[in-house]
Structure formats: C-alpha cells, structure tokens
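Trainee: Single-letter residue listing:
Number of protein chains: 2
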Amino acid sequence: MDQWIVGNLHPIPRILMGPGPSNVHYRVYQAMMTPVIGYLDPQLLSCMDEISEMLRVVFQTKNPLTLAISATGSSGMEASFVNFVEPGDTVVIGVNGFFAARMVEVASRCGARVIQIEQEWGKAVEPERIIKALKENPQTKVCGLVHGETSTGVMQPLEEIGSYCKKRETLLVVDAVTTLGGAPVKVDEWGIDVCYSSSQKCLSVPPGLSPITVSAKAKDLLRSRKTKVQSFYFDLLLLEKYWGEERVYHHTAPASMFYALREGLRIIMEEGLEERFKRHQTLGDHLKMELEGLGFKLFAQEGFRLPMLTSVVLPDGVDDAQVRRRLLEQYQIEVGGGLGPLKGKIWRIGLMGETCKMQNIACLIGALKEIL
Amino acid sequence: MDQWIVGNLHPIPRILMGPGPSNVHYRVYQAMMTPVIGYLDPQLLSCMDEISEMLRVVFQTKNPLTLAISATGSSGMEASFVNFVEPGDTVVIGVNGFFAARMVEVASRCGARVIQIEQEWGKAVEPERIIKALKENPQTKVCGLVHGETSTGVMQPLEEIGSYCKKRETLLVVDAVTTLGGAPVKVDEWGIDVCYSSSQKCLSVPPGLSPITVSAKAKDLLRSRKTKVQSFYFDLLLLEKYWGEERVYHHTAPASMFYALREGLRIIMEEGLEERFKRHQTLGDHLKMELEGLGFKLFAQEGFRLPMLTSVVLPDGVDDAQVRRRLLEQYQIEVGGGLGPLKGKIWRIGLMGETCKMQNIACLIGALKEIL
Numbered sequence: 015m016d017q018w019i020v021g022n023l024h025p026i027p028r029i030l031m032g033p034g035p036s037n038v039h040y041r042v043y044q045a046m047m048t049p050v051i052g053y054l055d056p057q058l059l060s061c062m063d064e065i066s067e068m069l070r071v072v073f074q075t076k077n078p079l080t081l082a083i084s085a086t087g088s089s090g091m092e093a094s095f096v097n098f099v100e101p102g103d104t105v106v107i108g109v110n111g112f113f114a115a116r117m118v119e120v121a122s123r124c125g126a127r128v129i130q131i132e133q134e135w136g137k138a139v140e141p142e143r144i145i146k147a148l149k150e151n152p153q154t155k156v157c158g159l160v161h162g163e164t165s166t167g168v169m170q171p172l173e174e175i176g177s178y179c180k181k182r183e184t185l186l187v188v189d190a191v192t193t194l195g196g197a198p199v200k201v202d203e204w205g206i207d208v209c210y211s212s213s214q215k216c217l218s219v220p221p222g223l224s225p226i227t228v229s230a231k232a233k234d235l236l237r238s239r240k241t242k243v244q245s246f247y248f249d250l251l252l253l254e255k256y257w258g259e260e261r262v263y264h265h266t267a268p269a270s271m272f273y274a275l276r277e278g279l280r281i282i283m284e285e286g287l288e289e290r291f292k293r294h295q296t297l298g299d300h301l302k303m304e305l306e307g308l309g310f311k312l313f314a315q316e317g318f319r320l321p322m323l324t325s326v327v328l329p330d331g332v333d334d335a336q337v338r339r340r341l342l343e344q345y346q347i348e349v350g351g352g353l354g355p356l357k358g359k360i361w362r363i364g365l366m367g368e369t370c371k372m373q374n375i376a377c378l379i380g381a382l383k384e385i386l
Numbered sequence: 015m016d017q018w019i020v021g022n023l024h025p026i027p028r029i030l031m032g033p034g035p036s037n038v039h040y041r042v043y044q045a046m047m048t049p050v051i052g053y054l055d056p057q058l059l060s061c062m063d064e065i066s067e068m069l070r071v072v073f074q075t076k077n078p079l080t081l082a083i084s085a086t087g088s089s090g091m092e093a094s095f096v097n098f099v100e101p102g103d104t105v106v107i108g109v110n111g112f113f114a115a116r117m118v119e120v121a122s123r124c125g126a127r128v129i130q131i132e133q134e135w136g137k138a139v140e141p142e143r144i145i146k147a148l149k150e151n152p153q154t155k156v157c158g159l160v161h162g163e164t165s166t167g168v169m170q171p172l173e174e175i176g177s178y179c180k181k182r183e184t185l186l187v188v189d190a191v192t193t194l195g196g197a198p199v200k201v202d203e204w205g206i207d208v209c210y211s212s213s214q215k216c217l218s219v220p221p222g223l224s225p226i227t228v229s230a231k232a233k234d235l236l237r238s239r240k241t242k243v244q245s246f247y248f249d250l251l252l253l254e255k256y257w258g259e260e261r262v263y264h265h266t267a268p269a270s271m272f273y274a275l276r277e278g279l280r281i282i283m284e285e286g287l288e289e290r291f292k293r294h295q296t297l298g299d300h301l302k303m304e305l306e307g308l309g310f311k312l313f314a315q316e317g318f319r320l321p322m323l324t325s326v327v328l329p330d331g332v333d334d335a336q337v338r339r340r341l342l343e344q345y346q347i348e349v350g351g352g353l354g355p356l357k358g359k360i361w362r363i364g365l366m367g368e369t370c371k372m373q374n375i376a377c378l379i380g381a382l383k384e385i386l
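Chains as they are written, first to last, in the numbering used here: chain U, 15 to 386; chain F, 15 to 386.
Misleading hints may appear alongside valid ones.
Note that the list lumps identical chains together, so a pair holds whenever it fits in one copy or between two copies.
[To be verified] Calculated pairs, EDC-like style, for lysine to aspartate or glutamate (alpha carbon to alpha carbon, straight line, at most 20 Å):
id : residue 1 : residue 2
1  : Lys240    : Glu119
2  : Lys357    : Glu259
3  : Lys383    : Glu183
4  : Lys242    : Glu100
5  : Lys255    : Glu119
6  : Lys149    : Glu384
7  : Lys357    : Glu260
8  : Lys146    : Glu132
9  : Lys242    : Asp103
Since the hints were derived computationally from the structure, they do not count as laboratory data. Every value quoted in this text rests on a predicted model; they were computed, and no experiment measured them.
Pulled out of the complex, with its shape left as it was, chain U reads as follows (with noise of 0.2 Å):
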C-alpha cells in the first residue's frame, strides 16, 4: 500500500437515533485526552475504584464485585454465561428477540443444556412462562433474561421472576444493555445475581466497555465450580483480583475508556437517575406520539415498551432503505432498521442518553416530514 493514500479522517458527525452508540457528551471526549498510564499506577486504579462505586449507584447495588469488563457490550453477555455455567448446566431463557436469541448461542457454546421459553417477538416473556419452567427444572444454574431487547424495544419485567430465583440456588442473569442508565435497574431489589450492561447506550460512553455487577450468591457459585471459566480474559475471579484489593495484573487495563466511562458516569451523578429516568420516560412517550401521528404504528406490546427505543412498523409503501439512506445522507440521522426476521418491516429508533432531546425529536420528525 502506498503510504500516503490513508487521509485524514473527518467523519460527518451523525444524530444517532439508532440502537446505539448514542452520542457522546463533549466532556466525555474531552476525558479520553487525558494522558494514558500504567495499568498499576495508583492514580489508574483510583479511578477504577470511583468507576466501581458509580457503577453501584447506576445498577442500584451494593454488590463489591462491580466492574466493567475491557471489551464490549455483547462481551458482558458472554462473560455472564462462560463464568456460571459448566457443561451439562441446565439453562432456561425466555427468547423474545435477537439478543435473546443470542444468549442462548452463548450459553450453548458454554455446554449448556438449554431451555427456551419462546415468545413472539415485540412481546414480553410471561413471567408465569419462566417460572413455571423453573419449578420443572429445579436443577437450573441460569435463568437469563433481556431487561430492553434492543430488537423489538420490549422491557421485559423482571421483579416476580426475580423473587422466584432469590429463594433458589438458580442464578437470575438479566441483559441491562439497552435499559441502564436510561431507566431503573434496580439489581439488588428485584434479585438480579448478575447484571450486565455496555457503555454506548444510556450511559453515552463511546463503545467498548461492558460494566457488570455480581451478587454474593453468584460469586459464591464461582468459587465452588468444578472446572475452570473456560475463557481466561472474561474470568471474573481474576478479573475480582485486578479490580479489588489485590491488584493482581490480569490485562492492561484501557485507560482512554476507563477516563471517558468515568466522566459519563460523573454526568450521569449530576444528572440524579429519577431525573434522567424521567427524561428518558418523558421524551420516548413524545417521539411515540409524533411517530404515530406520521402513520408509524407501535411494534411493541403496550405496558412493555421500552422508553429509550422506539420500535415501529413502517407505513404501507415507505421503503426502509431509500427513507434511512436519505435520512442519513441529507438529514445525518441514523435510526435503526429491523434485525433479523423484521429486516425492512420495522425501525428501531433510539433515544439514549446524551441523543434524547427535544432537539433530536423535532430534527427527526422533521425530516421524516419532508421525506415522506
């Protein structure tokens, strides 16, 4: 390759109004300069420690072992299942969408015998559905559940199910991807034993970052495991060294990502999390609203629909394609389009963090105006 053919990179910037990352708070960037150091110097891992304790407040826990893992959202997934299941595990999930779906590729790939409660996809899993496959298999190591499936913009409830498995030695496994940050997670109470979560939706961090929370129950499960984790970068007892007291090294700690999630969680304090669930609440119900006033109609079920992602059946005659190329191409508006089975049906229309604002709803209604 000749050298001199890579230029200089200047991306248009986007609105992001798709399933994330959503945009990224100018302090944010601005923390990513901060001078890289040492995976060991103490100035690093005091911001781990303050990485820690915000993580706490945002998953609503007190959970020592909080952290966030050197890779991305889908990599808490994985980390949540090679660290709790050994091979011949019963696993039961309720598959409603694509991440679910996805859960139960993860957790077979850990040797797991798994039970799916299937669900249409854009509605929630019965609650009675899971824990009457619960009481069948009282042997099952992990219940996983999608809090805020990114693929139909269903929230899945999670508080009965939870109290179920507090009772149990069954280890409740939920995907805060979409919903952290952006509405209550509520770990402790609702009797989530692992909890996991990425940067680049409510928390609007650049992507590549995985926060998790591990409840005592589950850590106590890791510690009688009769094999190893078969994954040693995602292994949470060593990663609990590097992170906690021990300071043992384990990788080399990202520093940029560590600086900017530090400084989104810090605007995430400053905000207060009712205010921000409220936002979030406030905004997704108005983009509802104007969507349907254009000829949207709702994907999801009603009383499941998840504030931060909209998800919605085209109008008769809209092509998907040619609408998100312009929106994209003369509005710099990116929204989602369908995943999977509903590829061309539906749009997936995030709200998250730092993009939901008035400012973004007008700008995108706007448009689709003119467009349509």
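Start from chain U and add chain F according to the hints.
Mentor: The following block gives chain F in isolation, referenced to the frame of chain U:
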C-alpha cells in the same frame, strides 16, 4: 455515594518506560475526539478497511483476514487458541516466561493437550527442541511461541520453526504483543499462521485493541472445525463477516479506539517500518549500554535481546520497590518490576513507539544517577 465526591480527573502524566502502555502521540489523542458513529455507518466501515490495510503492512502479510479485536492484547491470545483448538487437540508451546505460561493456561482452558517445551526464563527456546517435539507429535494442531517475552526481555527466533510448520498441518501461532511495530514481524515470509498483538506497545495507541492476522491455512482449519468455537465474542469467522464484505453485525465497534488505532498506524506509515525498527534498535542498544554503566546487568541472553524492552538485574543493595517509587513520584517515570519469580530481582524498561526517544533515556539515566 454522595455525588459530588467524584472530582475532576487530572492525573500527573508519566514517562511510560514500563512494559506497556507506551506514551501516546498527541495526534492519536486528537483522533479519539472524532465523533462516534454507528457500527454500520459507511464512514466507519471505510475506517476499518484502512486499519486492515495498514495492519497488513505492519504484519508484513497479504492475509485478507487481518483485523483488530475489540479488546486488549490478552484477548488476541485467547482468540488465537479458542478458534483453532478443539478439545483433545495437541498443542506444543515453548515456555520461557510469564506470557508463554499464560498461553499454556489459555490453551488448557480450550481442552488442549499441551506439551510444554520448557526453557529457563531469560533464554530463547532452541528451535530444534520445538521441531523435535513437533516431529514426535505430528498430529500437533498448534505450535505457540511468544516472539517478544515481556516478562524477560527475550526475543524468540521463529524462522526455522515457521519453515518447518509451513510444510505441515500444524499452525504456528505467535504472540507479537511487544514486538509488532518495533521490530520485524514477517508473518508471510516466516510462515506464521496466526499472529496477534496489542495497540498499546510499539504501535503507541491506548490499550483496548488487539490486532490479529490469520493465514489461508489457518482459515481452512477454522472452516473444518467439528465443534463451535467456545467463544462467541472472539469467533473469527463471525468477526470476518463484520470486517469483510458481508458486514453482518457482530458487536458494536469501539469507534473511538478504531480512530486511535488508525491514526497510530498512519504515524507508523509516515515514519516507515525500516526507520522505525532502526530507531528501536539503536536506542535500545544505547539504553542497555547506559544501564550497564550504572552497574545493572543485562538479564536476557546475549543475541536474543529485545530492542524495545530491556530487562536488567538490579545492582546489589538497590531496593526495587523504593527506587521505582521514587522514579514514579519524583520524576514521573514508570519502569516495570519483575513478574512472577523475577519480582524484586529485575526491572523491565520499555522504549516502545513514542516512548522510544533519546530524551527519555537521558531522563531515566539522569534520575537513576541522582537516586542511586
């Protein structure tokens, strides 16, 4: 937690002369300020193509499957074993340091039968001993070696082993975490099948990415696996579908880190590989001479010393922890201590990428003269 206790983050910058991360060029920091865009945005996909192109130059390869894994260097090691090893497969590993021992651990977690060719820490493994083991175990699936062993400062010769493996089914997997971008890593010429590295050493980009390249022979093996790769996140065929022409979503690309890597690679293209290798060799030699002048003894075997990482035995009476603390606190210089059995006995002094400057050698030697 009271929200206001997390203040601004203003760490004191360091001269990073440890085993990595190295110092980062201001252009790379600036690149991270580029707005985050979506994982299927055509602008991001072009950026990824350019990263692959430039990585091929640095890896000295034509392998189409050349990309950056969205996690730190340790994940490259894991990807290199989980993808190519199935339970029961034989793996031969040359073990002469901490990271080679970690290879054994990672391979074992894939269910491999690992044959360790052990060598004293501080020495290279004799190629003939590796080849003997491969001859005795012709069914060996993977031969794993660490090119630059960061724990000891030793450079492992690879050519002879590579040309042996080239004619057989065994894949040669090489850890170039420390060497890539600072010394020749001739993937195609030497017959390396899988080679991985990290962003934060001689590429001088913040930690968080792991460049990897995979030969056609290794890709054939991937396609002929009987079992699924145990890791979904590190599954190279899925990663290829995202980085390659199909553009199938796998995970949300860490855009800011991609921008950083792209800029770091551009800086390397501008300097030119040969110039860059010469700089690391010349200044590495100079540092070694200066350290010997102060009474340090070179630890790594003569003829097999890494240019970018110098390991030295402390002079009698020098207190490891105390002197390193003074270097860090009074001079803001980070040097690395010994890992594992070498703790307290040796230092590991990095001159990688941006850190590799006369200025930094003068500063370290000057500081040591004042302290000792």
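Trainee: Taking the hints in turn, state whether each one holds.
Mentor: Each hint, compared with the structure:
When the C-alpha separation of Lys240 and Glu119 is checked against a cutoff of 20 Å, the pair qualifies only between copies, where the shortest distance is 16 Å, while the shortest distance within a copy is 23 Å. In this homomeric assembly, Lys357 and Glu259 come within 20 Å of each other (Cα to Cα) only across copies, at 19 Å, whereas the closest approach inside a single copy is 47 Å. Taking CA atoms no more than 20 Å apart as the test, Lys383 paired with Glu183 passes in neither setting, with 53 Å inside one copy and 61 Å between copies. For the identical chains of this complex, Lys242 and Glu100 are neighbours both inside a copy (9 Å) and across copies (16 Å), given an alpha-carbon limit of 20 Å.
When the C-alpha separation of Lys255 and Glu119 is checked against a cutoff of 20 Å, the pair qualifies only between copies, where the shortest distance is 17 Å, while the shortest distance within a copy is 29 Å. For the identical chains of this complex, Lys149 and Glu384 are neighbours neither inside a copy (54 Å) nor across copies (71 Å), given an alpha-carbon limit of 20 Å. Taking the shortest alpha-carbon separations for Lys357 and Glu260, only the inter-copy value of 16 Å comes in at or below 20 Å, while the best intra-copy value is 48 Å. Taking the shortest Cα distances, Lys146 and Glu132 sit within 20 Å of each other inside one copy (13 Å), while across copies they are farther apart (54 Å).
Taking identical chains as interchangeable, the C-alpha atoms of Lys242 and Asp103 lie at most 20 Å apart whether they share a chain (14 Å) or sit on different chains (18 Å).
Of the numbered hints stated above, those contradicted by the structure are hints 3 and 6, listed in ascending order.
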